[in-house]
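Here the protein sequences come in this chain order: U and A.
Per our numbering, the very first residue in the first sequence carries number -12; after that it's consecutive.
Per our numbering, the very first residue in the second sequence carries number 35; after that it's consecutive.
Keep in mind that the hints were calculated from the coordinates and are not lab data.
Heads up, a few of these hints could be off.
If you want the footprint, here are the derived chain A segments under chain U, 3+ residues with CB under 8 Å [to be verified]:
id, stretch
1, 82 to 90
2, 116 to 122
3, 126 to 132
4, 329 to 335
Using N, Cα and C, we set each Cβ at its ideal position, and we do this for glycine too.
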Amino acid sequence: MGTPAAFRVAYRDLLIYRRVWKANLAGALFQPLMYLLGIGLGVGALVDKAPDSASALGGVSYLAFYASAIMATTSMFTAGQEALWPMMDGFRWSNAYRAMISTPLEPTDVVTGVAVYFACKTAVGATGVAMALTLFDDTRSWGLVAAVPVAVLTGLAFALPLTAWTSTRDSDRSFPPIMRFILIPMFLFGGVFFPIEQLPDWLEPVAWAAPLWHGVELCRGIILDSIGPAKATLHLLVLIGFAGGGWVVCTQTFRRTLRP
Amino acid sequence: MAEPLIEARSLVKRFDSFVAVDGIDIDVQPGEAFGFLGPNGAGKTSTMRMIGCVSPVSAGSLTIFGLDPRLDGRDIRSRIGVVPQMDQLDAELTVEENLIIYARYFDIKKGEARRRTSDLLDFVQLTEKAGDKVDHLSGGQKRRVSIARSLISEPELLLLDEPTTGLDPQARHVLWDRLYRLKERGATLVLTTHFMDEAEQLCDRLVVMDRGKIVAEGSPRSLISQYSTREVLEMRFGRDRNKEHLDEVEAVGERVEVLPDRLLVYAADGEGVLATLRERNVVPDSALVRRSSLEDVFLRLTGRSLAD
Chain U
-12 MGTPAAFRVA YRDLLIYRRV WKANLAGALF QPLMYLLGIG LGVGALVDKA
38 PDSASALGGV SYLAFYASAI MATTSMFTAG QEALWPMMDG FRWSNAYRAM
88 ISTPLEPTDV VTGVAVYFAC KTAVGATGVA MALTLFDDTR SWGLVAAVPV
138 AVLTGLAFAL PLTAWTSTRD SDRSFPPIMR FILIPMFLFG GVFFPIEQLP
188 DWLEPVAWAA PLWHGVELCR GIILDSIGPA KATLHLLVLI GFAGGGWVVC
238 TQTFRRTLRP
Chain A
35 MAEPLIEARS LVKRFDSFVA VDGIDIDVQP GEAFGFLGPN GAGKTSTMRM
85 IGCVSPVSAG SLTIFGLDPR LDGRDIRSRI GVVPQMDQLD AELTVEENLI
135 IYARYFDIKK GEARRRTSDL LDFVQLTEKA GDKVDHLSGG QKRRVSIARS
185 LISEPELLLL DEPTTGLDPQ ARHVLWDRLY RLKERGATLV LTTHFMDEAE
235 QLCDRLVVMD RGKIVAEGSP RSLISQYSTR EVLEMRFGRD RNKEHLDEVE
285 AVGERVEVLP DRLLVYAADG EGVLATLRER NVVPDSALVR RSSLEDVFLR
335 LTGRSLAD
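Produce the complete structure using the sequences and hints provided.
What follows is the structure, given as structure tokens:
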């Protein structure tokens, strides 16, 4: 037997990525460090002075609370952006995906191959963040290793539904609004900077429905060893639901777009 | 005669209510160079995409290698090479990498892919560009990369959709030369074009398509002899005066076409017609006698020129 089709698809993306992966890893290392020094330590010093902050944050320092969420947010931004412009390139600009389906590859192979590539790319980013988090006493734990695959899954929970959207578009006009009105609000209100219990009551269920919160809670719980198996399973299932659902929709939209 | 490589009967392609291909019959034999000639929007590309198994058949029947695209698309595509209308190359990768990733799509092992890549780059005369990014190549060179890439799987059938559109004349001739060599090696070529000279150069047999239908079929020479005369006299009388001498011209030519800028007179002996007209004091500003081409066939069949 030969190589599975999805890996042959991902080979193309990885060949392109090979030229930039070091920069990508360096970015994943230094960007969270900047955030952590600025917000984690700076804002954290103020927050930790408040008398009831520790209980609101689940008994951890603000640095630990915030830093552990960066695993998930980095994946969201990496995979999310990857699902927008680079996907549009494959469909409309370089037409790489059209080239693929004129070979024995099927549209479904392309979907799975793209998912493999997303996973590889977010794994590099998540590893970079994990390495950065080992520098801080509050976040240095074996949980960082287990959080890497969770971060990858969080990335897929964004990338695959967004890829389905991209595959039906003729232009990239909708992409800046997606960044501005979907990814950024999730970043701000998805339990990254403060627990979602601090949100107005009516907004809290919105955070439950967003994949980011589940990724953040699961990464945080694993890194800080503060989550029970029931909650962890629930978060995991939601993330798998978004990623798996996105994959299923992609198989349909890819077929429709690539094989009119 | 051998079993046809491609056989289509009453083949139809619809997009919602628009009928792109309207019930065509085709037989392509192994080793043949077969062309679809027609203007933009005639249905050539839609037909090619159905043959390439990347667009479902709306109605009618189509078999390639005796197989049904609906059931055996993957198998058929593994035996076809495709040169699309617009290059689908990865601009960020090198010429060599473009060929190797494409070989991987066919699950060709890397060592074998490298060997074939070096042979094919030699064939399309791009060996010295192997390590260059595709982005830095000229249009003609990119086209040659596309052709090399389409050959990486050693296909039995090569589909070329407007292979030379957008290229300068020199690049076109280089490309024709390479395609001609493939033909000599016994490859089956199916191509679309709206250049009559390209069809004349490359095709053993072709169909003329217009608005989704086949309007004529045959070898370039037989189409010309059937639908045109041996020679064509092109005369210009200056703006708006082309129609003034129409009666006299029609009296001597077999057939006359009035175009906005010139008159085309169809005749076996163009110089003879011009001499007769001069004797009768019909003197054009300029005159040119040329051989009939497929352009004339197309004009005769559809009343429109291919360039429209």
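Quick rundown of the hints versus the structure:
Counting residues of the stretch 82 to 90 of chain A whose C-beta lies closer than 8 Å to any C-beta of chain U gives 4; at least three are required, and the coverage claim holds. With 4 residues having a beta carbon nearer than 8 Å to a beta carbon of chain U, the stretch 116 to 122 of chain A meets the requirement of three or more and the stated coverage holds. Counting residues of the stretch 126 to 132 of chain A whose C-beta lies closer than 8 Å to any C-beta of chain U gives 3; at least three are required, and the coverage claim holds. Three residues within the 8 Å Cβ limit are the bar, and the stretch 329 to 335 of chain A against chain U gives 0, so the coverage statement is violated.
Taken one by one, the earlier hints fail for this structure only at number 4.
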